[in-house]
Structure formats: structure tokens, C-alpha cells
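Place chain X on chain W using the hints.
What follows is the residue order along each chain.
Protein chains: 2
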Amino acid sequence: MTDTPLDVVGIGNAIVDVLVHADDGFLDAHALTKGAMTLIDEARAGSLYADMGPGVEMSGGSAANTMAGLAAMGGRAAFIGKVRDDQLGAVFADDIRAAGVRFDTPPAADGAPTARCLVVVTPDAQRTMGTFLGASVELGPDDVDDDLVAAAQITYLEGYLWDPPGAKQAFRKAQRIAHANGRRVALSLSDPFCVERHRAEFAELVAAHVDILFANEAEITSLYEVDSFDAALQQVRGHCEVAALTRSEKGSVVVRGGEVHVVDAHPVDAVIDTTGAGDLYAAGFLYGLTRGRGLAECARLGGVAAAEVIGHIGARAQADLSRLAASA
Amino acid sequence: MTDTPLDVVGIGNAIVDVLVHADDGFLDAHALTKGAMTLIDEARAGSLYADMGPGVEMSGGSAANTMAGLAAMGGRAAFIGKVRDDQLGAVFADDIRAAGVRFDTPPAADGAPTARCLVVVTPDAQRTMGTFLGASVELGPDDVDDDLVAAAQITYLEGYLWDPPGAKQAFRKAQRIAHANGRRVALSLSDPFCVERHRAEFAELVAAHVDILFANEAEITSLYEVDSFDAALQQVRGHCEVAALTRSEKGSVVVRGGEVHVVDAHPVDAVIDTTGAGDLYAAGFLYGLTRGRGLAECARLGGVAAAEVIGHIGARAQADLSRLAASA
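These protein sequence lines are chains W and X, in that order.
Quick note: the first sequence uses the numbering used here, first residue 231, plus one each step.
Quick note: the second sequence uses the numbering used here, first residue 231, plus one each step.
No lab work stands behind these hints, which were simulated from the structure alone.
What you are looking at is a predicted structure, and each value in this text was computed from that prediction instead of being measured.
Glycine residues also receive a C-beta, built at the ideal position from the N, C-alpha and C atoms.
Some clues are possibly wrong.
As the list claims (entries may be wrong) - Take a look, some chain W residues computed to stay more than 10 Å from chain X by CB distance:
1) Ala259
2) Lys480
3) Gly488
4) Asp494
5) Ile502
As the list claims (entries may be wrong) - Here chain W is said to cover these stretches of chain X; the calculated rule only asks that three of the stretch's residues, wherever they fall, bring their Cβ under 8 Å from a Cβ of chain W:
6) 451-461
7) 492-501
Chain W on its own, in the form it takes in the complex (with noise of 0.2 Å):
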């Protein structure tokens, strides 16, 4: 049994980031889509790790972070996700432990090497990934600490879960322990590729298992194949209990039931480097929503955290969130 009580678990791949600054030629000569992560295997990680200049290893990962955020803001989180018993899987470890996030997954002892992304950083501040899933692709059922899931208020599930097999098993079984004990199950969509990788099934998932949904617009307007955002979001109402519809210099839009609110985004001196925006949204929405704050009030403090993490480079915050969002 779990002693404590958590706010929320974040189940997720995870991996260390390369953050390089490269142009938009670099993108085309490795066929990296902007703006998009796309899966490369090892052989492809290792040409793009010769292609490149020198680069900055930082944990990363889309839940991982969201949880290292919420452990900034003040909240209780756990991370489940796989690592290999490799140095970069060591850095992880110790970096989400720093962060404040509670993290047991045992790593694997054989296989491939510690997941890690490739995250190019263009002049124009978006970040294009190359994501090589390494040791994520481990992740299964028997990695789901069921106390750990049952104690969590939230399970956080990012989208991206969908891509290794043996991870899907882990979402299922954690969504279906969080519901078994009376919790609620969120979700990120991760990418608008992943959405379109998945689409069916995420489809089912937010109609049927999914209690609250973080989607930005690229990803809400692929999963309901509409082409404008208030089309995706008639579709939304009503298929999961919350909906939190990012549109990023636009702010976000929420919705539970008969309820929408409209919330501008933060104020951002210089737009850095976009990587970790969405993941933060979630890290601050749901601590609101874990202190039982009102929607428009989740929705500022998720606009607050992913405006501190675009204005520097790396997807975890550098300030202290919870005195940005106490004085925001």
C-alpha cells in the first residue's frame, strides 16, 4: 500500500531530451516533420546524432514533465515509465527524483538503451522531434503499481503510449485500476501524428474511458477529422467529463457539460522554445483541478506554467511555479 496520498500518477514514456538549435534545412535533410514528433530507430538516432552540432541532454518525456511540473506548482506526483540500467537512464531517474516526483519503475536490465529525443530547436522558437523509444518499448502491465494508481486522484496517460505495444497493456490496465477505485482518468493526444497513428482507438478512449481530455487544436481538429477548431469542439462536449482545448498564443478553452470558459494565454515576454508547452498546461491545470479550483482558474494556472516553459529552453520549468502561480 501506498502511504501518502498523491495527487496525480503520469504514466509515460521515458525519455532524455537532445536539445539542438538547427535551421529548417536539417529538418528536411533528415525528414523530420515540423512541429511534430516523429518515431526514428536506433540507426536513425545515430545518424542524426552525427549530423548535429553539440547538443544539451535533459530529461524529458511528455508525462514525466507534466509531472516534474506539478511537483513544482506544490503537488503530489508520481511517474511510471521505463528506463534501461544505462547512464541516461540513471540521469532520468535522478532528475525526476529531484524534481519531487516519486518514481519506482524498475529499470530494464537488457534490451535497448534508455529512450531518448532528438528535439530540434528552429529559429522560429517550434520544436520538431525524432524520437528513438529505446527501453520504453519494455513498459508493460506488471510496471503498473496498482497501489500507486489507486492512491493517485488523477492517472495521467499521455497519447503517446499508443506507439510501443506493451505500453498500451500498462494504459489499459492503470485506467482500469483508476476506475475500479473511483478515480479519474485524464489523457493527453500527445501529437496530432500520434492522433492519426491511433485515431480509432483514441476515439473510443475518449468516448467511453477517458474523464479528462488535454488536447491542443491540431490534435482535437485530427481525432474528430473536422477542419476548424469550434467543430472539434461541438464534438468534444459531452464525450469525456472535461475537456482542455489548447490553441496557444489563443490560450485555451474548457468545457464540462453546459460549462465553457474561454481563458486567455499567459503573457510571454520572448517565445524560446515552444517544447514542453502542452505538458506544462497539464501540470498546472491539474493542480488546480486536483485543489478542486474552478475550470477558468485551472486554465490560468495551465496557461502560467507552459508560459514560464516557453521562455526558455527545455520542457521542465526553471522557476518556482508555485510562486508564479500564486502572484500571476
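Then chain X, alone, in the frame of chain W:
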């Protein structure tokens, strides 16, 4: 009796615009509040005209612009407003009739000259207005043609009517006739400073006598004295049947009971002059509404019409709006 059915009858100040280009220094020198409409007397109008460069005269007036736009989209529109029997008054009458709008209000035979509005367009495409109400103050209940109002699906009233005292009585009378005939009443809040001048009365109107409300973000937050768009949105829901809230480049948010639409702005190549943006949004929206279109489509049509008028100088449409609306 009016023999032809009407879509909308608009009631407003009948004004001829004089458009000049000037920099922000001109606004400061003449104590004009940027982006807003300031009421000026005849003497101040004279000194402004003396100081400014050559201007372009074109018929204006907020509700009049909306009726001209509605006619340009293919709608059946009428206008009630007061000019003087002078040269500018004849220009106004000729222009609005040429636009296809029925206009029968008899001109004043004496008193102040036809109203004029000095529209200063600054290099950032913002417009700042100084209005001399002139003959508009002569508009009164007798000018409201009962049959015309009874024949129109919607009576559209501009908030600016609250400035000249007699016009307010005309407004009240039109609202009563419309409702007595099972018709709907629409109100545009016109300007945040206009809202400030008449806040209590506007709030009572919106709560009790208005079916369709048009307001931009500054106006609706001023009406409810709240500091965010979302807070205003929560207030306005349920206060009138339909509220269409415009947000410049952020598009518009439209609510009707539990129904909420968040609709993007129509793309514009270059914003030349924002004069008339709100007026033409209302035109497109009312065109859709009187044809039984869904609210999202009404908002889209409003966006198409607004995008046309901000792409050139002046507050009346120049392109074929009905064609634009069909193809957009």
C-alpha cells in the same frame, strides 16, 4: 403598412465620416482617446477640421454601416436616423439608398447640421473617432415608423443612440413595438466609453429587453466590470438569447443558452483601417441569423464581412459581400 418583408431595421445616428490619416501626435494634440469614439461639440469639430490635412468624406454611422453591409450580402434592410436638409445630409441619404437600404426618415428642416465623425486612421490601422452629433440629436420617437419595425424580423439598435437624449426614447419605442409584434431586438454596445457612460441602463437593457447582443471584448468586460473575457462570457450567458462577442484577431465567441461556439477570425492579407469591423461583423451575423443559419455559420459570415471592411479605407463594404460569403 409596409408591403415587403424586412430582415432588419437599424436605428442609429446618421453620420458622415471624414477620414484622415494622421499619427499619434495628432490624437494627443486634440485629446482624442485612441481606438475610441469621443463626442465633440461644433466648435471642437471646427478646430479639428482646421488642423487636419485633406480628408475623404464617406457616409458612416455604426448601425447605418451595418444595414449597408446587410444589403450588400443580399439582405433586406432599412435604416432610421436623422440628418439635416443640408448637403451632407443629402449625401448620406443618397449613399445609403444606393447601397440598397430603405431610408425614409425625414430630414430636420432646422437646427444643427448633419452629424459628422472625424475618423483618424493611425499608421497601425487603428481608428480613433471624434463625433459631432449635429442633427442626430433631433431623432425622436416620432421618427420610429411602427409598421417598419413591426415588419422587420430584427430591430437593430446601436448603443450610441444613448448619447442624444431624444434617440433614447426612439430606441425604447422601437424595442416595445418589435416585441409587441413578436420580433427580436438586437443591440450593439458600440464602444467601451459609451458603455461607461450608460452602464447601468445598458445592463438593464441586456438583461430585460435585448434578444441579440453584439459586443467586443472591451465593451463586454466594461459592461460587467470584470477583468477577463471569460468572466464576461460567464456573465452574459443567460442574459440574452444570443450574444456574439468579437475579439479582433482572436475571432468571436457566440453563445445561445448551453450552446457555445469559438470561431476563428477570417484571414486578412493586410489590415488597412479597422473602421467598421464591428459594424460589418454584425451585418454578416444578422444576414445568417435571419436566414436561419446555425450560430457558427453566422459567426463565420460576420468574420467574412469584417475581414473585407478592414482590408480597405472606410466603414462600408467595397467588395461583393454576397459572393465573398458564398465562396469563403
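Results for each hint:
no., hint, in the structure
1, Ala259, "holds (31 Å)"
2, Lys480, "violated (6 Å)"
3, Gly488, "violated (4 Å)"
4, Asp494, "violated (6 Å)"
5, Ile502, "holds (23 Å)"
6, 451-461, "holds (count 4)"
7, 492-501, "holds (count 3)"
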